[in-house]
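Colleague: For this one, chain A is given, so just place chain B on it according to the hints.
As a plain string of letters, each chain reads:
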Amino acid sequence: MLKKSAANAAGLLLALFFLFPTYWMITSALKPKGSTITSDYDLIPFSVTFTNFITAWTKPGFLSALGNSLMVTLTAVLAAIIVGITAAVAMSRFAFRGRKSFVLLMLVAQMAPFEALLIPMFLMMRDLQLYEHLSSLVLVYFAVTLPFCAWTLRGFVNGIPVELEEAAMVDGCGRWGAFQKVTLPLLGPGLVATSVFAFITAWNEFLFAKVLIRSQDLETLPVWLSGFQTAFGTDWGGAMAASALFTVPALVFFLIVQRKMVAGVTAGAVKG
Amino acid sequence: MTAVKTTETAAPAGDITPPALPPAVTGGAPKRRHRGGAFDRALPYLLLAPALIAILWLIGFPVVSVFVTSFRQLNLGELVRGEIVWTGIDNYVTVLQDERFWTVTLRTVAFTIAVVGASVGTGLLIALLMRVLTPWVRIALQVAMLCAWAMPILASTTVYQWMFDQNYGILNKTLVQLGFDSFAGYSWFSSGTSTLSVVGLLIVWQAIPFLAFSLYAGLVGIPRDLYEAAGIDGATGWQTFRAVTWPEIRSLLMMVTFLSTLWDFKVFAQIWVFREGGPSGESTTLAVLQYLEGIAKSHFGVAAAISVLMMIILGLITFQYLRRLLQTEEGKI
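From first to last, the protein sequence lines are chains A and B. Letter by letter, the first sequence follows residues 1 to 272 in the UniProt record's numbering. Letter by letter, the second sequence follows residues 1 to 333 in the UniProt record's numbering.
Looking at chain A on its own, in the form it has when it is part of the complex (with noise of 0.2 angstroms):
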């Protein structure tokens, strides 16, 4: 007994650890101007305003970043899902030659450490015209994202039984029609958890914002916020505020997938 509280203790504690720079981000972006930066042992907020927020929407350049994100984040997973759902359903549903080459290769090329490309990236990006264009950014993130895509959702294909498709194409589909109206619907979990990670990727992604955009309507969020102090100054609640309004997205996300994720499993049932 005495074991069991001991354990829930360090549970709660360690809860704390992880929640506490949440809890910081969010109170700080809370207090009133002024009372932000202070001496006062202020661990606790007493009052709450929401101008913070209001100033970080409205800094320059907050907006247009913040739209800029959201452009080449969803392009280029939009793109890495269509491209990977295709090529998951051509390793996991035919036998062709050279198919356990290709297997491989998406997996080596999931670890492949895009940081150490980023040179002849950068120079790839210059040589094509798309340096300062969101759109090198797009085909970068399509990248990185994409190895990951196609080996997830090849796993996701794998899980749906075959002999579901033969059925429908007995039953006269063709081979897309079995694919639109069995294989999809029931990746769709598979669909949403895959998407939601490679978005966390490319929504994360700071080395390659920064070396192929330099102009500053063209920034992202990421390099956006690691410029804050030029923004805030020493306005640690616009930042926390901006810092907020950066997570949410991800978060919704998250959260998203969670819900997902049980759905998934009561979707599985079918299959008994």
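Incorrect hints may have been included.
[Said to hold, decoys possible] In silico lysine-lysine, BS3-like type, Cα no more than 30 angstroms apart, as pairs:
no.	chain 1	residue 1	chain 2	residue 2
1	A	K59	A	K33
2	A	K181	A	K100
3	A	K100	B	K332
4	B	K332	A	K181
These aren't lab readings, by the way, just hints derived from the structure by calculation. All of these numbers come straight from a predicted model, not from anything done at the bench.
Modeller: Relative to the frame of chain A, chain B by itself:
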């Protein structure tokens, strides 16, 4: 490594146009075919083509290109004039003779080992702890870890900068409250070691959730009766861990250690945002050095040589595991 695989798969991809496939390798699939013929045989290749082209173009080509560039003298002048100047191994000689490169390499390896060890070790301990927690405490811990995991890297880096702020950071204020008066106005970023410790804490804090969740999933999958049997045999907690838990999660643990090594070796954003590799270059790692040489100083050839050396070092660290992983996966396909 990628380059090798690329050339291997390039050959079958060339087979797309002639529909004549050797009959030996077709396996069970043709029996399922409803409309036979050239289109059906080409279909898998058509489906793979976009992914294959993208990977060869956007990963394969840069991998080849980084090697080629590392043998060229390529500074801003050559780049603008479009000149190609081959210098053999000069870039490597420059890099390897530079004492700073060895310091940075050593620092990067030590940093990676420390961060991977701390995050995998703590992740395993938390996964083990989660099994014995009361459900509501477990859920609280999981929600808290999810918050840490979901926070974008740049957001968490900004928050940590604020928490570790010299004058108004909550950490220093708390330490002063606790009676450690010397921490009033203490700078956590006055030395490289201290800066890297804060960066390391940030990385470990954000890496643990993934590790704890995966390892916990592995632990939950261990059959109950194995523990019951150990209990009947009168095994102690440690003996049970050694005999039952460890063999069951060893391969999973190896897998996540391998992945963590890949991720932590090349960390750039957190280190750069804190102090741009400073003070006076003391928190510079290989990823930062590559950026400084290549992008900041426009010495693309030298930077490419650093990139190649980075890949070689990472390859040396992970080679054994990677080989075994590829062998097992090849068996499964």
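Colleague: Does K59(A) pair with K33(A) here, judged by a C-alpha cut-off of 30 angstroms?
Modeller: Distance of about 15 angstroms is within 30 angstroms: holds.
Colleague: For the pair we were handed, K100(A) and K332(B), check the Cα-Cα distance against 30 angstroms.
Modeller: With a Cα-Cα distance of about 10 angstroms, the restraint between K100(A) and K332(B) holds, given a limit of 30 angstroms.
Colleague: Just to be careful, I want the Cα atoms of K332(B) and K181(A) compared with a cutoff of 30 angstroms; is the pair within it?
Modeller: Status holds; Cα separation ~29 angstroms.
Colleague: Given the hinted pair K181(A) and K100(A), is their alpha-carbon gap at most 30 angstroms?
Modeller: Holds, because 28 angstroms separates the two Cα atoms, which is no more than 30 angstroms.
Checked against the numbered hints above, the structure violates none of them.
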